[in-house]
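Novice: Residue numbers (the numbering used here), protein chains in the order written: chain A, 1 to 592; chain B, 1 to 592.
Treat each hint with caution, since some may be false.
To be verified - Straight-line C-alpha distance at most 25 Å; calculated BS3-like pairs for lysine-lysine: (1) K232(B) / K139(A); (2) K205(A) / K168(B); (3) K521(B) / K440(B); (4) K144(B) / K232(A); (5) K168(B) / K208(A); (6) K440(B) / K539(A); (7) K440(A) / K539(B); (8) K208(B) / K144(A); (9) K483(B) / K515(B); (10) K440(A) / K515(A); (11) K197(A) / K144(B); (12) K578(B) / K440(A); (13) K139(A) / K208(B); (14) K144(B) / K124(B); (15) K208(A) / K584(B); (16) K139(A) / K440(B); (17) K168(A) / K584(B); (18) K440(B) / K208(A); (19) K578(B) / K205(A); (20) K515(B) / K540(B).
Since the hints were derived computationally from the structure, they do not count as laboratory data.
Protein chains: 2
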Amino acid sequence: MLSLSAKNHFTVSNSITHVIKSYHIRTLTSSAEKMPHITTPFSTSASSTKLKAFRKVRPVLQRHSSSWIVAQNHRRSLSGQSSLNDLRHLNRFPHHTLKTSNNEFYPAEQLTLEDVNENVLKAKYAVRGAIPMRAEELKAQLEKDPQSLPFDRIINANIGNPQQLQQKPLTYYRQVLSLLQYPELLNQNEQQLVDSKLFKLDAIKRAKSLMEDIGGSVGAYSSSQGVEGIRKSVAEFITKRDEGEISYPEDIFLTAGASAAVNYLLSIFCRGPETGVLIPIPQYPLYTATLALNNSQALPYYLDENSGWSTNPEEIETVVKEAIQNEIKPTVLVVINPGNPTGAVLSPESIAQIFEVAAKYGTVVIADEVYQENIFPGTKFHSMKKILRHLQREHPGKFDNVQLASLHSTSKGVSGECGQRGGYMELTGFSHEMRQVILKLASISLCPVVTGQALVDLMVRPPVEGEESFESDQAERNSIHEKLITRAMTLYETFNSLEGIECQKPQGAMYLFPKIDLPFKAVQEARHLELTPDEFYCKKLLESTGICTVPGSGFGQEPGTYHLRTTFLAPGLEWIKKWESFHKEFFDQYRD
Amino acid sequence: MLSLSAKNHFTVSNSITHVIKSYHIRTLTSSAEKMPHITTPFSTSASSTKLKAFRKVRPVLQRHSSSWIVAQNHRRSLSGQSSLNDLRHLNRFPHHTLKTSNNEFYPAEQLTLEDVNENVLKAKYAVRGAIPMRAEELKAQLEKDPQSLPFDRIINANIGNPQQLQQKPLTYYRQVLSLLQYPELLNQNEQQLVDSKLFKLDAIKRAKSLMEDIGGSVGAYSSSQGVEGIRKSVAEFITKRDEGEISYPEDIFLTAGASAAVNYLLSIFCRGPETGVLIPIPQYPLYTATLALNNSQALPYYLDENSGWSTNPEEIETVVKEAIQNEIKPTVLVVINPGNPTGAVLSPESIAQIFEVAAKYGTVVIADEVYQENIFPGTKFHSMKKILRHLQREHPGKFDNVQLASLHSTSKGVSGECGQRGGYMELTGFSHEMRQVILKLASISLCPVVTGQALVDLMVRPPVEGEESFESDQAERNSIHEKLITRAMTLYETFNSLEGIECQKPQGAMYLFPKIDLPFKAVQEARHLELTPDEFYCKKLLESTGICTVPGSGFGQEPGTYHLRTTFLAPGLEWIKKWESFHKEFFDQYRD
Numbered sequence: 001m002l003s004l005s006a007k008n009h010f011t012v013s014n015s016i017t018h019v020i021k022s023y024h025i026r027t028l029t030s031s032a033e034k035m036p037h038i039t040t041p042f043s044t045s046a047s048s049t050k051l052k053a054f055r056k057v058r059p060v061l062q063r064h065s066s067s068w069i070v071a072q073n074h075r076r077s078l079s080g081q082s083s084l085n086d087l088r089h090l091n092r093f094p095h096h097t098l099k100t101s102n103n104e105f106y107p108a109e110q111l112t113l114e115d116v117n118e119n120v121l122k123a124k125y126a127v128r129g130a131i132p133m134r135a136e137e138l139k140a141q142l143e144k145d146p147q148s149l150p151f152d153r154i155i156n157a158n159i160g161n162p163q164q165l166q167q168k169p170l171t172y173y174r175q176v177l178s179l180l181q182y183p184e185l186l187n188q189n190e191q192q193l194v195d196s197k198l199f200k201l202d203a204i205k206r207a208k209s210l211m212e213d214i215g216g217s218v219g220a221y222s223s224s225q226g227v228e229g230i231r232k233s234v235a236e237f238i239t240k241r242d243e244g245e246i247s248y249p250e251d252i253f254l255t256a257g258a259s260a261a262v263n264y265l266l267s268i269f270c271r272g273p274e275t276g277v278l279i280p281i282p283q284y285p286l287y288t289a290t291l292a293l294n295n296s297q298a299l300p301y302y303l304d305e306n307s308g309w310s311t312n313p314e315e316i317e318t319v320v321k322e323a324i325q326n327e328i329k330p331t332v333l334v335v336i337n338p339g340n341p342t343g344a345v346l347s348p349e350s351i352a353q354i355f356e357v358a359a360k361y362g363t364v365v366i367a368d369e370v371y372q373e374n375i376f377p378g379t380k381f382h383s384m385k386k387i388l389r390h391l392q393r394e395h396p397g398k399f400d401n402v403q404l405a406s407l408h409s410t411s412k413g414v415s416g417e418c419g420q421r422g423g424y425m426e427l428t429g430f431s432h433e434m435r436q437v438i439l440k441l442a443s444i445s446l447c448p449v450v451t452g453q454a455l456v457d458l459m460v461r462p463p464v465e466g467e468e469s470f471e472s473d474q475a476e477r478n479s480i481h482e483k484l485i486t487r488a489m490t491l492y493e494t495f496n497s498l499e500g501i502e503c504q505k506p507q508g509a510m511y512l513f514p515k516i517d518l519p520f521k522a523v524q525e526a527r528h529l530e531l532t533p534d535e536f537y538c539k540k541l542l543e544s545t546g547i548c549t550v551p552g553s554g555f556g557q558e559p560g561t562y563h564l565r566t567t568f569l570a571p572g573l574e575w576i577k578k579w580e581s582f583h584k585e586f587f588d589q590y591r592d
Numbered sequence: 001m002l003s004l005s006a007k008n009h010f011t012v013s014n015s016i017t018h019v020i021k022s023y024h025i026r027t028l029t030s031s032a033e034k035m036p037h038i039t040t041p042f043s044t045s046a047s048s049t050k051l052k053a054f055r056k057v058r059p060v061l062q063r064h065s066s067s068w069i070v071a072q073n074h075r076r077s078l079s080g081q082s083s084l085n086d087l088r089h090l091n092r093f094p095h096h097t098l099k100t101s102n103n104e105f106y107p108a109e110q111l112t113l114e115d116v117n118e119n120v121l122k123a124k125y126a127v128r129g130a131i132p133m134r135a136e137e138l139k140a141q142l143e144k145d146p147q148s149l150p151f152d153r154i155i156n157a158n159i160g161n162p163q164q165l166q167q168k169p170l171t172y173y174r175q176v177l178s179l180l181q182y183p184e185l186l187n188q189n190e191q192q193l194v195d196s197k198l199f200k201l202d203a204i205k206r207a208k209s210l211m212e213d214i215g216g217s218v219g220a221y222s223s224s225q226g227v228e229g230i231r232k233s234v235a236e237f238i239t240k241r242d243e244g245e246i247s248y249p250e251d252i253f254l255t256a257g258a259s260a261a262v263n264y265l266l267s268i269f270c271r272g273p274e275t276g277v278l279i280p281i282p283q284y285p286l287y288t289a290t291l292a293l294n295n296s297q298a299l300p301y302y303l304d305e306n307s308g309w310s311t312n313p314e315e316i317e318t319v320v321k322e323a324i325q326n327e328i329k330p331t332v333l334v335v336i337n338p339g340n341p342t343g344a345v346l347s348p349e350s351i352a353q354i355f356e357v358a359a360k361y362g363t364v365v366i367a368d369e370v371y372q373e374n375i376f377p378g379t380k381f382h383s384m385k386k387i388l389r390h391l392q393r394e395h396p397g398k399f400d401n402v403q404l405a406s407l408h409s410t411s412k413g414v415s416g417e418c419g420q421r422g423g424y425m426e427l428t429g430f431s432h433e434m435r436q437v438i439l440k441l442a443s444i445s446l447c448p449v450v451t452g453q454a455l456v457d458l459m460v461r462p463p464v465e466g467e468e469s470f471e472s473d474q475a476e477r478n479s480i481h482e483k484l485i486t487r488a489m490t491l492y493e494t495f496n497s498l499e500g501i502e503c504q505k506p507q508g509a510m511y512l513f514p515k516i517d518l519p520f521k522a523v524q525e526a527r528h529l530e531l532t533p534d535e536f537y538c539k540k541l542l543e544s545t546g547i548c549t550v551p552g553s554g555f556g557q558e559p560g561t562y563h564l565r566t567t568f569l570a571p572g573l574e575w576i577k578k579w580e581s582f583h584k585e586f587f588d589q590y591r592d
């Protein structure tokens with residue numbers, strides 16, 4: 001027990017060799033709101049020349065709190081006062097009473113990583129992990145000294161961020177959004193706007209009708225579920241896409257990108273370590289990160305690389321059964337289709353098999369379908385909702401209880417509007433009660449950004465034939481699509497032509513996930529540098545060519561195999577040639 | 001134990017009176033991707049006329065999953081098959097093995113509210129609660145039949161959503177955002193754009209410079225911490241606002257509104273029931289909702305109504321000590337200044353006293369300062385950051401460890417851009433390590449909406465004297481400000497002139513939180529209707545006048561007292577007169 005009163009001296013432990021000088025205390029008196037001489041419960045006794053000099057230095061030290069404290073301690077020892085560090089812990093959450101008088105106190109310690117929610121510490125998100133962070137450092141270095149590296153720019157192939165790589169936004173979208181932001185333009189004479197050649201008539205009309213749906217301003221909160229008129233557009237889009245299988249606006253939630261939808265769904269179903277969520281390996285690490293935050297279990301099911309990263313339903317069922325045996329409830333099953341990072345697109349049969357397992361075990365399915373507009377020739381996308389409805393028709397009673405949440409986003413496709421945060425989820429088989437719970441969660445974040453909601457409307461209702469923007473819009477889409485295909489195929493063929501790297505043929509999405517078969521010497525050097533072999537390859541690739549990718553470990557892979565994920569969004573084919581040269585040199589250097 | 005094989009019949013319990021007919025199973029074979037005749041592991045045996053007729057009815061029933069199942073069961077009993085309901089639970093998480101052959105299975109039950117994360121079920125957010133939901137119903141009713149109610153429109157005084165109530169956005173902001181959305185406009189000849197009288201020159205220039213900061217497109221993901229150039233603007237704004245106390249861009253995080261910042265901060269520090277977060281009562285219910293989601297404890301500290309809802313530091317310290325005694329760690333202290341719902345603005349002394357407690361106990365302070373631009377004449381806003389720096393200067397060593405997160409938003413002030421989701425937090429006293437943890441959390445959501453980030457830049461760097469938009473921008477701001485003041489004062493004076501309702505004088509924010517002293521008869525009727533008295537008053541108010549408010553219980557209040565929160569955003573003064581009439585009639589009806 002310690003007691004302190006004004007002017008007492010005491011020794012707490014041997015490590016404190018200085019005597020603590022007490023502070024004079026003045027009671028707080030009310031005062032005018034004049035700054036900066038406020039009276040507070042205490043004042044310092046020191047006003048030495050050293051302190052005055054020190055105060056000038058302080059702003060620089062304030063940058064890092066720990067430096068600041070070190071500097072303060074230094075100052076205190078300069079002035080003969082003892083370090084308070086050793087005492088601080090006493091005041092933190094004292095189990096004993098520090099009897100204070102006149103409001104003197106010892107400042108408690110800061111909160112540190114030790115105080116942070118462990119779930120947050122555990123969560124990892126590699127897409128913006130170590131290699132991309134290194135790329136940022138190199139980018140900054142190039143800005144200072146453009147000649148200092150063997151390349152002149154960083155190519156961010158680590159993230160599906162098309163417009164960062166000079167992909168142009170679709171003109172129609174941006175005309176509409178521009179008009180929504182500045183409705184004064186809509187008060188102008190339509191013909192004058194059209195004659196200015198800045199806005200097309202159909203864009204003007206769409207902006208006006210959207211403005212009505214929205215209620216008059218993109219600056220007002222909308223309903224938390226999203227603007228009703230836009231949800232109707234989404235439902236119509238889904239119905240048409242799914243060959244007439246009806247979708248209802250009540251089942252649609254507009255969200256700030258698909259990531260927000262994942263967040264809601266996992267918040268709702270994750271109850272802690274006894275909850276299991278099946279995720280494909282390799283996966284998009286949003287899922288494992290969110291599971292870590294929710295302190296729930298990831299149940300990985302491996303995709304089969306050799307058959308184009310296909311999904312194996314027996315694998316899924318095995319994982320489910322094992323979870324049950326381990327008393328973990330396999331509550332949710334995540335399917336990413338088209339796959340990220342794999343680029344695989346599921347056949348109707350695969351989807352049906354997945355639903356069998358879901359129906360049998362009562363597992364909610366999350367269908368992450370954000371890449372459904374990124375499909376390569378020769379492949380057809382079938383939505384999981386459509387297949388579910390077919391199964392329900394064909395096999396009455398078997399699939400009626402299946403609960404499915406299907407996600408889409410304006411970040412991908414050919415629009416690539418990642419920074420606008422538009423998306424939606426469609427809930428199938430969720431009761432009104434369950435939807436109300438999700439609505440409540442959504443209401444705590446108030447509403448998704450309204451311009452993002454508008455963008456969803458544009459995505460699901462693009463210009464149609466006969467409308468003024470149709471032809472140019474089609475031309476823009478085709479151009480982007482063709483370039484993506486060309487780059488994807490070039491990269492794919494390049495990988496397969498080189499030794500030590502092979503790749504499954506992409507069917508969709510924006511990524512390749514090649515397997516790297518590193519020579520033993522390279523693996524040794526990686527270990528020496530305390531990197532995994534895939535990190536090592538990615539690091540070398542970055543430092544030689546400026547191409548930033550993400551090691552396969554960020555997505556999960558069969559133990560003993562090494563991959564990396566790259567996008568094929570960067571314009572041109574030059575960077576692919578650079579990669580090819582680098583790879584050959586790398587293997588020349590490390591070949592056994 | 002049950003075993004099933006093809007064509008077996010069995011009875012499970014007395015309640016199953018029908019015999020289960022087995023299904024023929026066909027092994028899945030690969031097939032062309034032709035729809036809809038996919039082969040699946042099993043097929044139904046039924047294809048009766050009744051079923052075909054039923055299928056036409058099905059789309060309507062699909063709307064509600066439970067109706068769908070009922071319909072299916074009905075169909076099955078029509079065709080002589082027994083209900084599968086009673087068997088479903090067996091397959092859910094079977095502890096025994098259901099030996100199946102040929103992939104037949106019984107569908108498991110759906111997940112229901114019983115399976116939902118309890119924390120989500122517990123969370124409440126009253127701002128969009130029962131009374132506002134009733135208002136939405138009445139709104140829909142008015143759309144169908146405008147004469148059916150004693151009022152012609154709903155006035156949403158329940159939410160701080162200015163642009164929903166015809167407050168116009170600031171022209172300068174919207175010109176810049178419009179240009180950012182459609183950069184083609186920036187490629188035009190500047191003079192021509194100006195001559196069109198649609199865009200002012202300073203808006204064009206700002207859009208160009210922001211576009212450079214952003215990196216070329218609002219459609220690309222930005223860095224997760226937010227565009228660097230915009231963070232610099234924020235740091236400069238804070239430094240200037242705080243009389244030269246330096247703010248650093250590294251300490252700034254741009255966020256999707258202040259709500260996202262609260263979400264990050266509480267995720268990081270909430271570790272479960274042993275974590276306590278002090279919140280003011282009354283509070284903005286985002287805090288209690290988020291605490292419920294994080295399964296941590298709210299530690300309420302009561303604001304003092306009779307002294308204008310001031311903060312009592314002794315009350316705060318008492319709450320802290322009690323928490324410690326109950327083995328709850330008082331980790332975070334939330335201060336809402338200006339207050340929501342109270343409208344109170346803290347004096348420098350009050351702030352200093354709050355920091356004393358924080359410094360003494362090592363509690364992180366969240367300063368929710370989103371209403372700092374909504375200050376009434378005669379009141380001055382002092383940021384908590386500024387006061388902290390003063391305390392650190394005046395009392396070296398005492399306050400060095402204090403950790404503070406200060407929040408701001410583009411949703412309030414005179415811009416009222418709620419739907420655009422712009423905001424920031426400034427971290428003071430957080431080490432680099434701690435900032436990295438927050439950065440990681442932010443990266444899981446990728447980035448805040450980029451146009452919202454741009455709006456933050458506009459908020460902290462409005463047009464200045466000499467620039468083309470300055471005068472009109474000032475005029476717009478003053479006009480909005482004056483109208484807000486007029487309505488606030490009118491409402492305040494009206495409340496205080498009536499019996500049974502009294503109100504503290506607002507110093508800032510967008511709300512009044514009057515206390516209602518209901519007559520006993522009214523309290524009785526409320527209880528009869530199973531409503532709290534404040535809900536009852538709000539419901540009556542809504543149904544008589546269309547004015548939608550939020551009962552005080554949504555924000556917290558001293559037990560035995562009743563309040564409601566209303567905004568003063570609705571245009572004009574007519575609705576205030578309506579309220580006055582309603583209140584007099586209400587008291588005439590219920591007076592003892």
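Novice: Given the proposed pairing of K232(B) with K139(A), does the C-alpha separation stay at or below 25 Å?
Specialist: This hinted pair holds, its Cα atoms lying about 19 Å apart.
Novice: K208(B) and K144(A) were given as a pair; does the straight-line alpha-carbon distance stay at or below 25 Å?
Specialist: 23 Å, holds
Novice: Between K208(A) and K584(B), does the CA-CA distance stay at or below 25 Å?
Specialist: 43 Å, violated
Novice: Would you mind confirming whether the straight-line C-alpha gap from K205(A) to K168(B) stays at or under 25 Å?
Specialist: 22 Å, holds
Novice: Decide if the proposed pair is consistent with the structure: K144(B) and K232(A), CA atoms, cutoff 25 Å inclusive.
Specialist: 19 Å, holds
Novice: Hinted pair, alpha-carbon criterion (25 Å max): K521(B), K440(B). Please report holds or violated.
Specialist: Answer violated: K521(B) to K440(B) is near 56 Å, above 25 Å.
Novice: With the threshold set at 25 Å, check whether the alpha-carbon distance from K139(A) to K208(B) stays at or below it.
Specialist: Status holds; Cα separation ~22 Å.
Novice: Does K197(A) pair with K144(B) here, judged by a C-alpha cut-off of 25 Å?
Specialist: 41 Å, violated
Novice: Given the hinted pair K515(B) and K540(B), is their alpha-carbon gap at most 25 Å?
Specialist: 16 Å, holds
Novice: Holds or violated: K440(A) with K539(B), Cα cutoff 25 Å?
Specialist: 21 Å, holds
Novice: Tell me if the straight-line CA distance from K168(A) to K584(B) falls inside 25 Å.
Specialist: 61 Å, violated
Novice: Between K440(A) and K515(A), does the CA-CA distance stay at or below 25 Å?
Specialist: 44 Å, violated
In the structure shown, a violation is registered for the earlier hints numbered 3, 10, 11, 12, 14, 15, 17, 18, 19, in ascending order.
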